[in-house]
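J.: From first to last, the protein sequence lines are chains A and B.
No gaps in the numbering here: position 274 of the first sequence is 273 in numbering that gives the first Met the number 0, and each next residue is one more.
No gaps in the numbering here: position 18 of the second sequence is 17 in numbering that gives the first Met the number 0, and each next residue is one more.
Everything hinted at is true.
So the derived label-pair ranges between C-beta atoms look like this:
hint	chain 1	residue 1	chain 2	residue 2	range
1	B	SER3	A	GLU362	36 to 42 Å
2	B	GLN24	A	GLU362	42 to 48 Å
3	A	HIS136	B	ASP2	33 to 39 Å
4	A	GLU362	B	VAL55	15 to 21 Å
Hints are computed from structural coordinates only; laboratory data are not their basis.
Yeah, the Cβ is synthetic: ideal placement off N, Cα and C, and Gly gets one too.
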Amino acid sequence: MTLNPTTASAAEIASAVRAGTISAREVIDAVLAAIRTRGKALNVFTAVTEERARARAAAIDARRAQGGALAGVPFAVKNLVDVAGLPTLAGSKINRDHPPATRDATLVERLEAAGAILVGALNMGEYAYDFTGENVHDGPSRNPHDTLRMTGGSSGGSGGAVAGRLVPLSLGSDTNGSIRVPASLCGIFGLKATYGRLSRARTFPFVASLDHLGPFARSVGDLALAYDAMQGHDPHDPVCVQRPAEPTLSGIDDGIDGLKIAIAGGYFRKGAAPEALTALEHVATALAVKREIEIPEAARARAAAYVITATEGAALHLDRLRTRAHDFDPAVRDRLIAGAMVPAMLVNKAQKFRRWYRARVLERFADVDVILAPATPCTAPLIGQQTFVLDGVELPVRANLGIYTQPISFIGLPVVAVPVPLKPLPIGVQIIAAPWREDVALKVARALERAGIVAAPNPPE
Amino acid sequence: MDDSLDSLIEAAVQALDLPFEPAWQPAIKANLAVTLRQAALVTEFPLPDDSEPAPVFQA
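Can you build the whole structure from these sequences, using the hints too?
T.: Structural data, given as structure tokens:
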């Protein structure tokens, strides 16, 4: 066995499994051992599907000749994604009483159809109403680069498991930034595709108007590989569009000549810590980008996303609030109860503003292909840290780590979060493209990776 | 604002049958205040009467 399955990329593992230089069983043995040992300190797994993974590895080894783009590639999913045989926790205590899921989520089925092997479910902030990756029931996900620090959330386990070299690939969800924030704080790549591109079928929702699912990986190629395997219409998610799959991997190295790229100014500079601006500058310099554009009314967009989130979240959990208020994380419960008190006309106004804002931002894309913005205002805060200072104002960490992601997901734009390996901690930059142009964002991310500007740094041993 | 929020919380808890304990009041109030401040940012922005909300139902 020459390949180390815990440090290899998904593409390398699949290639080796197809070639027969490593067996899927050897890959899974190594990954399960890593989860049992190094994984303990990170607290990112809430369930390990060992038996299932071993059975699947045996099946893949038995039909190696058929291969598959992800042959033998281990992956894990945020525990709001249905895994047959497990209750779908969504980070909660309450859902532990749910019966086990009877069928995998569509995205799990699609990754496994390409040969991937599910190895477990991952820790997350309760009901995804979170940017920290902390969880009062399961304990916090811990950042592999400094285990006293947050992973970011709510897909904290998804970020920590990939950054911590436990799996090369994971799935998370992003309503307001929950893929891009942990990707930034953990120093890995994350893709939030266009709203409606990837199926959400058989995943526990949070805010139907804004929920996205998507992959995390340590390289752009792996991100594209996983994304391509998951694309395509799904009649089980009413939001999933009727678009045919548009594969990205084959064109990822086509280069970025002719692409018009700009930096988001104004709102997206305000409050950023020096390291967030340094990371942005590294990326902009490498791309020779000087042009700055204003995304109009971004603060209001974030506000409208905030209102829709509070109220749709409250509506989703109303019955549970009434019957099991004491079983919630108190911080989540109090936000949801407050959300239940917000008058409906404010939500309607927010949804009308959303359409206005979408039209204005799409106008910007008439003469720009990609917009760059910080992913988070700072590197990973300490676990338990309640507040930080942005632009001279002390603000709660939990609600404000997503200030730069929220105005973007609000209108469903595709984003690749790329890690800039600053010392001592990495931080991400958002590569934002027009709707349905994930290919463009991935090409830019790939060009930056080839130039050595973005990379998933190795955590300390 | 503070007194009116206290009144709104008290009335909403009763009228909407929401769970409540006095110890939760400060956090609920703080969260409600933030959300309403955010909402005010949205409502103060003028939009024409014929604006459509973003989600569009298709029969």
